Amino acid sequence: METSEKLAPVTHKMSAAIAVRDMDFYYGSNRALKDITVNIPKNQVTAFIGPSGCGKSTLLRCINRMNDEIPGTKVTKGKIYVNDIDIYARNIDVVKLRAEVGMVFQKSNPFPRSIYENVAFGPKLQGERQKSVLDETVERSLRAAALWDEVKDRLHESGYGLSGGQQQRLCIARTIAVNPKIILMDEPCSALDPIATAKVEELIWELRESYTFVIVTHSMQQASRISDRTAFFYLGELIEFDDTVKMFSNPSNKRTEEYISGRFG
Amino acid sequence: MNGSHIFKDFDNAIRTLKDEVLLMASLTRQNLQRAMSALLNRDIELARAVIGDDSEVDELERKVDQTGMDILVRHHPVASDLRLVISSMKMAINLERISDHAVNIAKRAKKICKGPELEDLALTEPLYTLADSLLRDAMTSFTDCNVPLAEGLKMRDKDLDRMHKALIASLSSRLEEPNGKSESLLHLIFVIRSLERVGDLSVNIGEDAVYLGDARDIRHGHRNETKDPPPTT
Numbered sequence: 001m002e003t004s005e006k007l008a009p010v011t012h013k014m015s016a017a018i019a020v021r022d023m024d025f026y027y028g029s030n031r032a033l034k035d036i037t038v039n040i041p042k043n044q045v046t047a048f049i050g051p052s053g054c055g056k057s058t059l060l061r062c063i064n065r066m067n068d069e070i071p072g073t074k075v076t077k078g079k080i081y082v083n084d085i086d087i088y089a090r091n092i093d094v095v096k097l098r099a100e101v102g103m104v105f106q107k108s109n110p111f112p113r114s115i116y117e118n119v120a121f122g123p124k125l126q127g128e129r130q131k132s133v134l135d136e137t138v139e140r141s142l143r144a145a146a147l148w149d150e151v152k153d154r155l156h157e158s159g160y161g162l163s164g165g166q167q168q169r170l171c172i173a174r175t176i177a178v179n180p181k182i183i184l185m186d187e188p189c190s191a192l193d194p195i196a197t198a199k200v201e202e203l204i205w206e207l208r209e210s211y212t213f214v215i216v217t218h219s220m221q222q223a224s225r226i227s228d229r230t231a232f233f234y235l236g237e238l239i240e241f242d243d244t245v246k247m248f249s250n251p252s253n254k255r256t257e258e259y260i261s262g263r264f265g
Numbered sequence: 001m002n003g004s005h006i007f008k009d010f011d012n013a014i015r016t017l018k019d020e021v022l023l024m025a026s027l028t029r030q031n032l033q034r035a036m037s038a039l040l041n042r043d044i045e046l047a048r049a050v051i052g053d054d055s056e057v058d059e060l061e062r063k064v065d066q067t068g069m070d071i072l073v074r075h076h077p078v079a080s081d082l083r084l085v086i087s088s089m090k091m092a093i094n095l096e097r098i099s100d101h102a103v104n105i106a107k108r109a110k111k112i113c114k115g116p117e118l119e120d121l122a123l124t125e126p127l128y129t130l131a132d133s134l135l136r137d138a139m140t141s142f143t144d145c146n147v148p149l150a151e152g153l154k155m156r157d158k159d160l161d162r163m164h165k166a167l168i169a170s171l172s173s174r175l176e177e178p179n180g181k182s183e184s185l186l187h188l189i190f191v192i193r194s195l196e197r198v199g200d201l202s203v204n205i206g207e208d209a210v211y212l213g214d215a216r217d218i219r220h221g222h223r224n225e226t227k228d229p230p231p232t233t
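From first to last, the protein sequence lines are chains A and B.
In case it helps, the working numbering puts the first sequence at residues 1 to 265.
In case it helps, the working numbering puts the second sequence at residues 1 to 233.
No lab work stands behind these hints, which were simulated from the structure alone.
Computed from a prediction, not measured in an experiment: that's the story for all the values here.
Heads up, the beta-carbon is just placed ideally off N, CA and C, and yes, glycines get one too.
Treat the hints with caution; some may be incorrect.
Here are a few chain B residues that face chain A, going by a calculated C-beta distance under 10 Å [as the list claims (entries may be wrong)]: (1) H5; (2) I6; (3) K8; (4) D9; (5) M69; (6) D70; (7) H75.
In silico lysine-lysine, PhoX-like type, Cα no more than 25 Å apart, as pairs [to be verified]: (8) K246/A x K18/B; (9) K8/B x K246/A; (10) K246/A x K63/B; (11) K8/B x K152/A; (12) K8/B x K63/B; (13) K8/B x K42/A; (14) K181/A x K42/A; (15) K34/A x K79/A; (16) K181/A x K8/B; (17) K18/B x K8/B; (18) K165/B x K154/B; (19) K246/A x K90/B.
Work out the full structure: start from the sequences and follow the hints.
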């Protein structure tokens, strides 16, 4: 793996939001991730790029243990630290982990409920019952997701009535509502038109002052537009991890150059 | 082009690029003005200052290139944004060359100052006035996307070429006069040559302004009239 910076020693306290160390991951007998070591910095956008099957989404799902839900999968070696805590340790509460590490998916997936209920769902699940607190949380989250002005007069209408781009921003608001530190995004704009994509991208760029983003994307243009750092994966290996402008103007690895310039993949 | 981008950071980057080009243009013009002032007033200290200050323009050229490159890599500009980035980077090259000519003039001024009085110095003033007006209008045409102003520069530069040719012929004919001024006259010929080049480079900037405003390539007499004009709104 090539990078412009030296990684901190393994197992020491990390200043990174997410620190992956020597990690292997298997789907059955298929070794999907190989010796992955990477520091993902706080309050920045990190993009994962690479051809299909390279392991980028697998690693993303490891960060909030979403892969636990897939039978036959296993982290066989290495560790992932989220804010210095080993998330694969035995005493980890996975539900709490997923509140701290939120996720937005490729296809917007609002619940079949009102806009208000979609956003209030997480806080209610965490035990919040006070209406004034829920109202405040819903407004704050919708404002943060740049959706408040568009929906404030129809909060109790179905989330399904929103456009695709608005639904995706509703999902971001829903994620924000439970105060995560990290937001994982798996191709969040692939189903959106260019204008809706630009709005979501602007939102990510603005919100990175408050959250750490990790975004999997097939769009190299999107990675170069909205990320501070980019990681290129190929056949389960992290090939290169560097500053995004550096990566897209002068990559260190030949395979990175070939992939980002459209010579393979 | 008016109107903001949805992605605000793109606007910030474009604004930075424009600011850097404007600052570079203003420093370049100032360097030229100071170089001529050093020559006409026999001010060696000012000439030295012009030579020293050229590094600021060089640094800005690097900055414009870096900012332009970053915009190309990050934001993948299209249409008027793409033309702005490309023409800004080209304008920076022309401005840097103009500033180099200001340095050349300052260097010649230093040498002329060390020689005998030279009444012919005043002959450069009309050339400088015209070259400076070409540079000023080239910059205005670029910043205001004023295509007619930009297209008029080439014709005006022909006046500068004529003045340059006539003055060079006049001074060259006196080079062999036994009055001890030959060396200073030779330096003055180089000053006049630099002013003529400032005109040419200003025309280049105007050509980039036409490309920026109208998406037409008018270099080397090429009209490129078949291309549809860009949208006006």
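A quick look at each hint next to the structure:
1. The interface hint given for H5/B is met, as the beta carbon of that residue sits about 8 Å from the closest beta carbon of chain A, less than 10 Å.
2. Given hint, I6/B at the interface with chain A, holds; its Cβ is 4 Å from that chain's nearest Cβ, closer than 10 Å.
3. Checking K8/B against chain A: minimum C-beta separation of about 6 Å stays under 10 Å; hint holds.
4. Evaluation of the D9/B hint against chain A yields a held restraint, the C-beta minimum of about 6 Å falling below 10 Å.
5. For the restraint placing M69/B at the interface with chain A, the shortest Cβ-Cβ distance is roughly 6 Å, inside the 10 Å limit, so the hint holds.
6. The interface hint given for D70/B holds, since its Cβ lies 6 Å from the closest Cβ of chain A, which is under the 10 Å cut-off.
7. Residue-level restraint check for H75/B holds (minimum Cβ-Cβ distance to chain A is 6 Å; threshold 10 Å).
8. As the CA atoms of K246/A and K18/B are separated by approximately 23 Å, the hinted pair is consistent with the 25 Å bound.
9. For the hint linking K8/B to K246/A, the alpha-carbon distance of about 21 Å falls within 25 Å, and the restraint holds.
10. At roughly 16 Å between alpha-carbon atoms, K246/A and K63/B fall within 25 Å of each other, so this suggested pair holds.
11. With a CA separation close to 24 Å, the supplied pair K8/B and K152/A stays within the 25 Å bound.
12. Among the hinted pairs, K8/B with K63/B is consistent with the structure: their alpha-carbon atoms are about 21 Å apart, no more than 25 Å.
13. Between the alpha carbons of K8/B and K42/A the distance comes to roughly 22 Å, so the proposed pair stays at or under 25 Å and holds.
14. Between the alpha carbons of K181/A and K42/A the distance comes to roughly 9 Å, so the proposed pair stays at or under 25 Å and holds.
15. Between K34/A and K79/A the CA atoms are separated by roughly 12 Å; this keeps the pair inside 25 Å, and the hint holds.
16. The hinted pair formed by K181/A and K8/B meets the criterion: a straight-line CA distance of about 24 Å does not exceed 25 Å.
17. As the CA atoms of K18/B and K8/B are separated by approximately 15 Å, the hinted pair is consistent with the 25 Å bound.
18. With a C-alpha separation of about 16 Å, the suggested pair K165/B and K154/B falls inside the 25 Å cut-off, and the hint holds.
19. The suggested pairing of K246/A with K90/B holds, with an alpha-carbon distance near 23 Å, which does not exceed 25 Å.
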